[in-house]
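In order, the protein sequences belong to chains A and B.
When you line the first sequence up against the working numbering, it's residues 7 to 270, in that order.
When you line the second sequence up against the working numbering, it's residues 1132 to 1517, in that order.
Please keep in mind that the hints were generated in silico from the structure rather than gathered at the bench.
A quick note: this is a predicted structure, and the numbers were derived from the prediction, not measured.
We put the beta carbon where it would ideally sit given N, CA and C, even for glycine.
Heads up, a few of these hints could be off.
Just a few of them, taken from the derived set where beta-carbon distance is under 10 Å, the chain B residues facing chain A [said to hold, decoys possible]:
hint	residue
1	1168
2	1169
3	1179
4	1395
5	1466
6	1469
Interface residues of chain B toward chain A, partial, derived using beta-carbon atoms under 10 Å [said to hold, decoys possible]:
hint	residue
7	1314
8	1464
9	1468
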Amino acid sequence: MSIDRRKFLKIAGLSGIGMGLSAADSLIKGKAHASEESSLPESGVRLALVIDVGKIRTDEDYKRITDACHSIHNVPNIPNTKHEVKWIWTDTYEHTFPDQTNEFIPTEMKEKPFLLLCNHCAKPPCVRVCPTKATFKRPDGIVTQDPHRCIGCRFCMAACPYGSRSFNWVDPRKYLDMNKVNPDYPTRTMGVVEKCTLCVERIARGLEPACVEASNGAMVFGNLADPNSKVRKILSTHYTLIRKPAVGTQPSVFYVIGGGENAG
Amino acid sequence: MLDRALKGSKGYWTLVIILLGFIGAGSLAYLHQFNNGLGVTGMSRDVSWGFYISQFTFLVGVAASAVMLVIPYYLHNFKKFGRIVILGEFLAIASVTMCMTFIFVDMGQPMRIMNVLLYPTPNSILFWDAMVLNGYLMLNLVIGWATLHAEKKGVPPPAWSKPLIYLSIPWAVSIHTVTAFLYAGLPGRHFWLTAILAVRFLASAFAGGPALLILLALILRKHTKFDAGKEPIQAVAKIVAYAMCANVFLIGLEFFTAFYSNIPSHMHAFEFLYAHGNLVPLMWTSTILALLSLILIVPPKMRGNETVLLWACIAIFISLWIDKGFGLVIGGFVPTPFDTVTEYWPTLTETTITLGVWALGFLVLTVLYKVAISVREELGTAGPPK
Ligand code: SF4
Ligand code: SF4
Ligand code: SF4
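Just chain B, with the same shape it has in the complex (with noise of 0.2 Å):
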């Protein structure tokens, strides 16, 4: 089935072209990095964790949200979601390749990487992130081909797919808990150490996720000929209205513990976030775009139409984006084990980097989902649903 995505449209040729510039800029970059040293980065002796492992976390969200689709359309037999279920499937193979080539080059001593499989380590939870992250990329490989193939031969999916299918379902949660568990065990990391961490992950996950399916899903019925319907992206309009007001009340339950109590530990990375470090401006916009969107997404009329429901969506990503992807690895160490307060800015070279993986990310992305709307167009079920 792969055939298809070497044929295809201008459109297709130049957004792959696009694509492979990114990846090739960011890979020059990591070339320069792997020469001179991960000093290229913004990362210092405080702030050891920085844009490449916040990405990495915000992925995983991205990854582990193709379970709202799943559950529903497998567990509750909600037929609607037959057509866009696939689409969540691929996305979660290409979050979770962008999650580990973050990992990759992040890597001190990149060489050494099958260490973690050499010595396994029961007691660290980087291990079982290494576990879980591939055992999911598996799962949704197999599953996502079986079930694509079997669609293209207009048969039902092999019996052995069910029980695959059905243990996706806890191990997507699993590997956003588990990385969750990476931060949320950490003494002496205040920001970090709270139990409802791994909820607050899933939350935003479900919320960040189907968000971002909405806006694929959208871009695809403008350029191509699938179109996912309408009732079913509405019904995963309500999943991430419901996620995202969970998001916002545990965060509001945070600063809740932090200023209640009133224990300077706690509050620190949140006076660093929210009141007088570099990122002030980025968590604000973060705040006000997630109140915003609340707005835009709660009230059923306006979710309704697809016009706001497309800002709503754009709003919670980008919300999300800096609350995870940016604000909570750098909260976290900030301030440091000392009391003090080290900033901390991606350079060019890490950004672009960033940029590299997210391209290879979208386009691994495009392949699979050329391929899957290839075989449906050849089927012709990739209209609109009647």
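Same shape as in the complex, but just chain A (with noise of 0.2 Å):
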């Protein structure tokens, strides 16, 4: 092989016949996988979730959480698993990371629940495939949704890795205590789909997520774009984990596994 790796890469590039400029470059960059590049936006903001599993314990730790979620953003309980809106929600390290499990993980890993809820992904396969731009992700990268655009088809459920989307197959006013209704927060109609928003009718106000102000310091919310804020601190620092990541949506919610003592 006389030919040097520059060359054949140049090569290579130029060969690839409809393979699109910009995928040649990557390749003589030597950048072959679109999972390596910068998920970081222009708009300079990344808005993510760190989660310290460790710091949340008790049952009443995960009900307060999800609680102050669905009880603000008027989330109706719905008894019938069939019919559930759920925002954030509790599952084991099974459902949660099934990719990622072997039979011979701690425990307590394989007993304690993790907190889901929408992955506010870099690369979103729901917003992707949305045909009418009911969901969006704005610049700061939170997913989030127009209920009054959607027409219910459902194509986010199908497209979204995660199961985090709900669809609304009954009446949710029904199964809503009308007077305990938070005022400022509407309520929705049968037939279209929600999920997490980040909070954003709070992030506007200046505050942090509900679930993170419930949580007593294990969430921690913040810019991934800027490396000296908080999430990125206890990235570098912490061993994470996110869901899936062979499926490339690059999540902006992290789990921190095991706490800063295992990690060093």
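Two independent chains are provided; combine them into the complex using the hints.
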């Protein structure tokens, strides 16, 4: 093989008919994997959550966090699991990280509940497939939704690899105590999809997401694009997991596993 | 020409009234769904598409299959398809009508369906599907009508219809390819995330659609004066045979990739469908019918016997309907993103609506076929070809 690597890559790049110039370009630069590209946006903001699973211990801790979200957002409590609407909930390690488990993980991990919510993916498939732009990504990275535009096709539910979206199979208002609803937040109608919005309405007022506030420091909110932000500091000093990295959506929700003392 | 649909025999009107009855029942069931939400169906947070979307997917194939008659007739000048090609085009019209109705009844907010056009979103495959389906409906309406009109007048089809006919060929392929892309581009749904999905869709469509057409042609021969002729039916049967072989082969490829690679996420859906879910009996019925149909339709001697052919076509139609009109969509949603299993079974309301939509399609088909056959009866070209 006398042909050197640069030359080879150039030829490969040039002969890549139909590969698109940018693909050839990244090939020459040696960046073959899209997932290695920076996911940081031009806007300079990518909002994210870090969940330190070790710091949430009791059932009450979990309930306080999920209730905080569901009560202020008027999320109905529908007993039929087929029709339920949930923005943030818990599930097992195996269900949360189905492709990152082995049969020998510590029992405490196996038994510990994990908080699940929309990942506000940097490359969200739910946005990619929505035919009406009802689901869209804001420049700050929040993936949110206009329920008034949603036609209820549920394509986004098929596309989300994390089961983060709920559909209003029935009238949600029948499952809300209308005397107790939060008057500052709308209730939804039948036939539309909904999910965690990363508390856009609170962020606009300079507040942190409700679940973060209720977590007593177990959840941290911040800007991934800012190297000095709290979230980046945790991510650079702790071992964290994201859900299903193989599908390339680049989640903005990170799970601190084991804590700093184990990471070092 | 449409006035010919208003004069018919007693049998014709009985059929129309039965179909109207089913449509009525479906409409009532839909009203119930409209008022109470899609919660009246068997769908759930985990299996968010069900019977409606799978019927839609299956029928896109039936619609696309018209091209299997258009190509030989117009491109290869295979004259023998002269009298049957219009049956294919009208079948396409009826199928696309059903497709669109199935999409409509599946919407959570049907009154907002125009949002797809008001906020055109080129990155959504659903947008393109709406475009190609509407286009295909228009193409077939115009072509079918123009050729029948010309036939009635005893003149060759108008010159402008030629380019439209040629356009309809890639267009037919596109409707089923785009429909496959609805599924094949979704991360995390391993059952659908396969590059051969579009090819599989086309193979099964080119078997299932023409099989239905043969059944229709045999029914027409029995109950009307129209006879498509033995030779064209045999030619279509040959197409069905080849396409069915390709289809079975392609499904075999999926099994190989999933099980030889031994990657759990690729095997899960197959295990659910064929080993431990509630669809197991259905899926095995589909498999057995598929293999049986190959024995019946591949050997020329068997195929040449029209009774054997009839049963082969019934077997193929049922087999593919189960595979695509049921297993494909459900298999994709089970297992869930959490690696759990949520079973799905359509409710009575859902089934009634589905039957209503099928009845609507058959009504459209009946009316269109009635017009085509009446025209030919008047021309004296309805009987068996010489
Ligand atoms: S987690 Fe699902 S719903 Fe949330 S942004 Fe990602 S793909 Fe969309
Ligand atoms: S259900 Fe609503 S949000 Fe989801 S893809 Fe359809 S229109 Fe978009
Ligand atoms: S970020 Fe806001 S909307 Fe999302 S789960 Fe937390 S509280 Fe709910």
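Comparing the hints with the structure gives:
{"no.": "1", "hint": "1168", "in the structure": "holds (4 Å)"}
{"no.": "2", "hint": "1169", "in the structure": "holds (5 Å)"}
{"no.": "3", "hint": "1179", "in the structure": "holds (4 Å)"}
{"no.": "4", "hint": "1395", "in the structure": "holds (9 Å)"}
{"no.": "5", "hint": "1466", "in the structure": "holds (9 Å)"}
{"no.": "6", "hint": "1469", "in the structure": "holds (4 Å)"}
{"no.": "7", "hint": "1314", "in the structure": "holds (8 Å)"}
{"no.": "8", "hint": "1464", "in the structure": "holds (7 Å)"}
{"no.": "9", "hint": "1468", "in the structure": "holds (4 Å)"}
In the structure shown, no violation is registered for any of the earlier numbered hints.
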